[in-house]
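Listed below are the residues making up each chain.
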Amino acid sequence: MGNRGIAMQLRLPAMLTFVFIGAVGHAQTPIDTMTDSDLDAGESVFRVHCARCHGMQGEGGEGSNLARPRLRHANDDQQLYDLVDEGIPGTGMPGVWAISDEQRWQVTYYVRSLGQLVSGEMPGDPIAGKAIYQGKGGCPACHIVDGQGRGIGPELTLIGEQRGAEHLRVALDAPSESQPSTAGYMDFLTVRAQTDYADVEGMRINEDAFSVQIRDIAGQVHSFRKSDLVGYEKVFAHSLMPEYTAVLSEQERDDLVSYLMTLRSEQ
Amino acid sequence: MTRSIAILVLAVATSIAFADVSFQRLVNADDEPQNWLTYSGTFRSERFAALDQIDVDNVADLKVTWAYQMQPSSFSGAGLVETTPIVVDGIMYITEPPSTVTALDALTGKQIWTWSPDMPEDVLHIGFPKVNRGVAVLDDAVYVGTLDAHLVALDAATGAVRWDVEVADNKIGFALTLAPLAIDGKIIVGVSGAEAGVRGFVDAYDSATGELLWRFHTIPAPGEPGSETWQGDAWQTGGGSTWLTGSYDHDLELLYWTVGNPAPDWNGDLRPGDNLYSCSLIALDPESGELKWHFQFTPHDTHDWDANQIPILLDAEFDGADRKLVALANRNAFYYLLDRETGEFLHGNQYSRQTWAAGLDETGRPIVLPNTDPTEEGNLIWPSLQGATNWFSPSYSPPTQQFFVATRLMGAIYYKAEVEYEPGQPFLGGGEQALSGDEAAGAIRALDVLTGERQWQFDLQSPPWAGVMATAGGLVIGGSNEGNVFALDARTGDALWNFQTGGAVRSNPMSFAVDGKQRIAVTGGTTLYVFGVE
Numbered sequence: 001m002g003n004r005g006i007a008m009q010l011r012l013p014a015m016l017t018f019v020f021i022g023a024v025g026h027a028q029t030p031i032d033t034m035t036d037s038d039l040d041a042g043e044s045v046f047r048v049h050c051a052r053c054h055g056m057q058g059e060g061g062e063g064s065n066l067a068r069p070r071l072r073h074a075n076d077d078q079q080l081y082d083l084v085d086e087g088i089p090g091t092g093m094p095g096v097w098a099i100s101d102e103q104r105w106q107v108t109y110y111v112r113s114l115g116q117l118v119s120g121e122m123p124g125d126p127i128a129g130k131a132i133y134q135g136k137g138g139c140p141a142c143h144i145v146d147g148q149g150r151g152i153g154p155e156l157t158l159i160g161e162q163r164g165a166e167h168l169r170v171a172l173d174a175p176s177e178s179q180p181s182t183a184g185y186m187d188f189l190t191v192r193a194q195t196d197y198a199d200v201e202g203m204r205i206n207e208d209a210f211s212v213q214i215r216d217i218a219g220q221v222h223s224f225r226k227s228d229l230v231g232y233e234k235v236f237a238h239s240l241m242p243e244y245t246a247v248l249s250e251q252e253r254d255d256l257v258s259y260l261m262t263l264r265s266e267q
Numbered sequence: 001m002t003r004s005i006a007i008l009v010l011a012v013a014t015s016i017a018f019a020d021v022s023f024q025r026l027v028n029a030d031d032e033p034q035n036w037l038t039y040s041g042t043f044r045s046e047r048f049a050a051l052d053q054i055d056v057d058n059v060a061d062l063k064v065t066w067a068y069q070m071q072p073s074s075f076s077g078a079g080l081v082e083t084t085p086i087v088v089d090g091i092m093y094i095t096e097p098p099s100t101v102t103a104l105d106a107l108t109g110k111q112i113w114t115w116s117p118d119m120p121e122d123v124l125h126i127g128f129p130k131v132n133r134g135v136a137v138l139d140d141a142v143y144v145g146t147l148d149a150h151l152v153a154l155d156a157a158t159g160a161v162r163w164d165v166e167v168a169d170n171k172i173g174f175a176l177t178l179a180p181l182a183i184d185g186k187i188i189v190g191v192s193g194a195e196a197g198v199r200g201f202v203d204a205y206d207s208a209t210g211e212l213l214w215r216f217h218t219i220p221a222p223g224e225p226g227s228e229t230w231q232g233d234a235w236q237t238g239g240g241s242t243w244l245t246g247s248y249d250h251d252l253e254l255l256y257w258t259v260g261n262p263a264p265d266w267n268g269d270l271r272p273g274d275n276l277y278s279c280s281l282i283a284l285d286p287e288s289g290e291l292k293w294h295f296q297f298t299p300h301d302t303h304d305w306d307a308n309q310i311p312i313l314l315d316a317e318f319d320g321a322d323r324k325l326v327a328l329a330n331r332n333a334f335y336y337l338l339d340r341e342t343g344e345f346l347h348g349n350q351y352s353r354q355t356w357a358a359g360l361d362e363t364g365r366p367i368v369l370p371n372t373d374p375t376e377e378g379n380l381i382w383p384s385l386q387g388a389t390n391w392f393s394p395s396y397s398p399p400t401q402q403f404f405v406a407t408r409l410m411g412a413i414y415y416k417a418e419v420e421y422e423p424g425q426p427f428l429g430g431g432e433q434a435l436s437g438d439e440a441a442g443a444i445r446a447l448d449v450l451t452g453e454r455q456w457q458f459d460l461q462s463p464p465w466a467g468v469m470a471t472a473g474g475l476v477i478g479g480s481n482e483g484n485v486f487a488l489d490a491r492t493g494d495a496l497w498n499f500q501t502g503g504a505v506r507s508n509p510m511s512f513a514v515d516g517k518q519r520i521a522v523t524g525g526t527t528l529y530v531f532g533v534e
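Those protein sequence lines, which keep their order, are chains A and B.
In case it helps, my numbering puts the first sequence at residues 1 to 267.
In case it helps, my numbering puts the second sequence at residues 1 to 534.
Source of the hints: derived by calculation from the structure; they are not laboratory data.
Bear in mind the structure is a predicted one, so any value in this text is a computation, not a measurement.
Quick reminder that beta carbons are idealized off the backbone N, C-alpha and C, glycines included.
Misleading hints may appear alongside valid ones.
Computed footprint of chain B on chain A; a stretch qualifies when at least three of its residues, placed anywhere within it, have a C-beta under 8 Å from a C-beta of chain B [as the list claims (entries may be wrong)]: (1) 45 to 53; (2) 136 to 148; (3) 180 to 187; (4) 196 to 209.
Extracted from the complex, chain A is given alone in its bound form (with noise of 0.2 Å):
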């Protein structure tokens, strides 16, 4: 057990933290006269309009991890808050339009608060997990960390600040039950295509009413035209990823799972 808990690096006091988040948010905004009230007043709004992606204590789940001090998208308060206002294009990540100012500033007084929270104790050894995730677990024949692997997965580099433990070990042992999406659309939902010639099995990886892009699992993009195909079907409830309950121990899932949590850019 000696080992577990030390991945997150996150155990500053809370209030040295609260000093060093004073000092990223150096700006003059409203958070510097809010209240207690003022946070209850944001984690409210955070339940209704945040909560879902990113968990109900800001631990990350579909969207990225906040209870950290640092926020990849924001370095200051004035930041946070008009990310919570516009949204980040490209991402899941939606402008939060349907809320007064008050309430936008009181919801980024909340999402920093998270930042003080202390993460919660790993399951398992991240040491253990790395050796894992490089040799058994064959992780690097699909997913990249540092440069390094085939990028067939997503991209693992950040993911401990990307996604809570929770549910990366769903992602481990039920793939299908927990598939990363952008805007509702999952990032790398199963298709099948046939043509007369092949049957092509992969990931999605763009969809229009005309056409559809495919990568199989050897890397291979196959683009078609939804005119020559004879049949095409999305196949939800499954990943091409192997589920893990079959190849790793509960203990080896809880190793590689703290390893994966210790992929940050805060070090």
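On the provided structure of chain A, position chain B as indicated by the hints.
Same frame as chain A, but now just chain B:
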């Protein structure tokens, strides 16, 4: 020699271009199908191209003849293009977000002039993007509504400002995003702003001077007809914005305008009653602004289902009698056919997925199902707040009596929350989480205009934000979020042609002819594409 003749012809054409677009020309727009003189093509708003040079047999050869890349102003967030071009005698007038007007040579796409208003950096646009849907033309002027709620008349030849009036105060949330409607000596506009708790209205301005001629408030004050559907002071912040161009019947002398949601959007507890004339179609006397009749589609709306969709005017035999009709596919997922002389409900049916009503009663009032209002915990209802359709235009083909509508198949979890009115702030009382991506879809649907029965549908990858246009060549032109512009066979819905524009299509197609050749115009991203077969 030939070249100098061509130049001479062009010079003549150009001198005609900036001349009179009289009211009579607008009334008789059918007589000049090479032009597109109003937002929806004619006062009847069919968005039907009477040109048939591009048809089911040659549409596969449709190609880009020119493109114009807009220059969205330095505003952050500017860039959604919802304009419908107007074409008058070889000159095209478009708007670029947020409120720029540009005149282009319709033959080549080369710019003639462009005009942008001085806009405050902190201009409010609560509940909608920084968009503009186009201009109106009348006589020798071009009229545009601006995001900061001004109405401006520009000289059609140069873009110089003739007059500029403030329609309403943007600082409390009013904005103009619609294309104005020009009728006889009057410019008619409506306002956006219900999400900020404004009290909506329709205005008429003198086209020559900008003088306000009349104003009709869509939310009645105490003592006025309809005020019995409100309690207390709720009417003062009751919404009912009027943000889409209406239709006009010159023979009946009636103006048809649609009214948006009551405010606050999702918390109906703060405004008991039917909340007239929110979510309604109203018929106004264009001389006085007097209300002649109304029909409310969604009484006491709690889902933000504005009725701001295009009312299409048509004459047809209905139940054995010749009737003057108005057809509208509503955001609430029902299709309606009314008598446009009286407002009498004649027919209605569901045309898109919905889970909030058991149907319509004999007066057209929805039979609302229990437990369909927003709640604090969230309540999943179809359609989403963006509706089964929205502002983007439907189309009506008179020769085949078909009604085409781009429909959104999308649900949302609706939330209710406490809210207090503050000037210039969102006044919503809740929120929504729409089911997006693979949980949502879209379709182009063809309906029999008299029965509302679906004839076919063409599936889209996602809920669309682009309208449709039927043509005399037997086509239905449409667009998708994924950047496709396409032509469908109006009889079957089969796709006959498509083109990838590289950006989301969020506007309505239109058609015109220049140099004797039919063109089809539609935007993708911030680029305007003009297509032709030669």
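Report task. List in ascending order the numbers of the hints, as given earlier, that are violated by the structure. Result -> 2
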